[in-house]
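Asker: Model the full assembly from the supplied sequences, consistent with the hints where possible.
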Amino acid sequence: MQLPGVTVEVHKLEAAPLVAYLCRELRVAEIIDAHVTWDRHRTEVSPGTAITALLVNLLVRREPLYQIEWFFRDMDVEALFGNGIEAGHFNDDRLARALDKFADADPWRIYHEIALGSPDACSLVLDVIRLDTTSFSVQGSYDPADFEDAPFRITRGYSKDLRPDLKQFLFGLGSYGGLPLFADVMSGNQSDKTWYGPWTERITELLSPEAWNYHSAFVTEENLNTYEKRWFISRMPETYRLCEALKDRAFADESRWIEVGSVAQEEKEAARYRIQGFEDELYGRTYRFVVVESPALDQRKAKRLEKLVAEEAQAIEKAVAQQERLSYHCEADAKVALEDWRRRHNRWGFHHVTGQVVQERTVKRRVGRPRKTDPDQGNVEVVRWRVTFTVEPDTEAIEQRRRRDSTFVLISNVPRTRRADDAELLRDYKGQIEVENLFRALKQPYFVHGIFVKTPKRVLALAYVFLLGLLVYAIIQHRVRQGMRQDQQTALAIAGAKFRSPTTRTLLKEFDGLTHVIVRLPDGTVTHHLQGLTETGIQILRWIRIRTDNLLMGASLPPAESG
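First residue of the sequence shown? That's 544 in this note's numbering, and the numbers climb one at a time after it.
Check the hints yourself; a few may be wrong.
[Claimed, not checked] Derived SDA-like pairs (lysine to any residue); straight-line CA-CA distance at most 25 Å: (1) Lys736 / Gly1067; (2) Lys736 / Phe951; (3) Lys710 / Gly683; (4) Lys1052 / Pro988; (5) Lys986 / Glu606; (6) Lys703 / Gln975; (7) Lys878 / Thr931; (8) Lys555 / Thr1077; (9) Lys1041 / Arg1022; (10) Lys861 / Gln899; (11) Lys555 / Pro988; (12) Lys772 / Ala966; (13) Lys555 / Gly1067; (14) Lys736 / Tyr783.
To be clear, the hints were calculated from the coordinates, so they are not data collected in a lab.
Answerer: Below you can see the structure in the form of structure tokens.
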């Protein structure tokens, strides 16, 4: 029932106020505005506020630039961004200009000022930073002439998306505790081997962690020289002969394997490892090496091994069939043929092939009419000798190859005074999954499902918007999981399902029904209410350290209530 003189406004919010709040906490708009060149007196919406709007849209419901204005149409925009801000301010022209200004203002330095200044980063003691890169494929021609003066190029290169037909650019991430504290955007043909060293030099200007954790592409003579006085942990490339030699030494002495069990803290059925530690020289310097055996074989290596076994079986079948078609007049000739076959086919690695000489007796009828006195009536027995084979899989050899393929080697210069146990190096290295999980989130279709801008500057700026969005995404996930551990809550119920390690995407869905209700009374009193905020939503906000009465700008909300 509508009361006289009472007006009620209902604005949908979804997870927008949560993202906007965290952007304010990270001082995204403030830091960007301090770096970009803009006219404060003639600009309705600052570039930093426009970029914040892009971040809200990115994490709530990604839209191309020309639709973001419509995304905010039904929302209380002032409650998200401040007084005087309207949805119409976020038209595609203004957002495009904001991207241009962002790109001109060194987005790499802006990103790191925001990330390293976050409360989460300030509370960490950085010991091991995990670094890796990934490619991001794009549609469109992207004329090389447009990139002549650009800081990076969209071009073809080694595609980690397995799309060599498409042009691409690269993302580089440095993670600690699951947070992307370091990030970079690079040309599509940038090599990992030449990127690690210079990029680490740039990061060291901002912050110097105890050690660096790299992917195998890091291991080159130039990079190892650069890190002569810096500590690192990296996977050893399989292409190095030393890698195979270390595996040979490990498998030659089974008694030296050390069981270290699982190194994962949150996974129920985590892989269990065995290790052997060595010291050896590479490029004239002595390093620590850890040979690691895992029971889990990489899917690609498993398929490769399966293919090798099948191809060998086909080759044996062909060679055996050719030999078994031949026959010999005497046993000696057949034995000679068998030995010759063995000399020519002694390379089988996954099968036992056993050959034997057998006698065959057949009865044939002579040509012509037999004599009446012939007791055999023209029949004659023919004796021939053949070679036959028995083929069986060599299960022991296949298992040995599987074990070897599931083994990798770590290289490090971290002294034993800092990491006395080789198992500690393994635990540090396995933290690399943090970066892989961040890349997985970054490439989710709902997060980054297309680049809707074409100029090089705008592509670069939008790429850093993606990275800032990933930072907010990671902070939400990090705080909620940390809160669950502190409260000893093993699972969180969302949308009828229970999640032990909920992702940010799952967490934000809990706010899909959130609305802002504004009630205006005849005496001028205005009250604000949140509807659709569930008990789980209140709990999530508490873990993220957001008070519901501070969730909206300029709106005095009552204490947390579900409804």
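Asker: Taking the hints in turn, state whether each one holds.
Answerer: Structure-based check of each hint:
1. In summary, the hint linking Lys736 to Gly1067 is not supported, as the alpha carbons are separated by about 66 Å, beyond the 25 Å threshold.
2. Of the supplied pair hints, the one linking Lys736 and Phe951 holds, its CA atoms being roughly 19 Å apart against a limit of 25 Å.
3. Under the criterion of a C-alpha separation no larger than 25 Å, the hint pairing Lys710 with Gly683 is consistent with the structure, at around 8 Å.
4. Restraint check for Lys1052 and Pro988: the C-alpha separation of about 16 Å stays at or below 25 Å, so the hint holds.
5. Of the pairs offered as hints, the one joining Lys986 and Glu606 holds, with about 15 Å between alpha carbons and a cut-off of 25 Å not exceeded.
6. Between Lys703 and Gln975 the CA atoms are separated by roughly 17 Å; this keeps the pair inside 25 Å, and the hint holds.
7. For the proposed pair Lys878 and Thr931, the alpha carbon gap of about 11 Å is at most 25 Å, so the pair holds.
8. With a C-alpha separation of about 15 Å, the suggested pair Lys555 and Thr1077 falls inside the 25 Å cut-off, and the hint holds.
9. The straight-line distance between the Cα atoms of Lys1041 and Arg1022 is roughly 18 Å, inside the 25 Å bound, and the hint therefore holds.
10. Straight-line distance between C-alpha atoms of Lys861 and Gln899 comes to about 17 Å, which keeps the hinted pair within the 25 Å bound.
11. A C-alpha spacing of about 24 Å is found between Lys555 and Pro988, which places the hinted pair at or below 25 Å, so the restraint holds.
12. Proximity of Lys772 to Ala966 is assessed by CA-CA distance (about 23 Å); at most 25 Å being required, the pair is judged to hold.
13. This hinted pair checks out: Lys555 and Gly1067 have alpha carbons roughly 23 Å apart, not beyond 25 Å.
14. For the hint pairing Lys736 with Tyr783, the CA-to-CA distance comes to about 15 Å; that is within 25 Å, so the pair holds.
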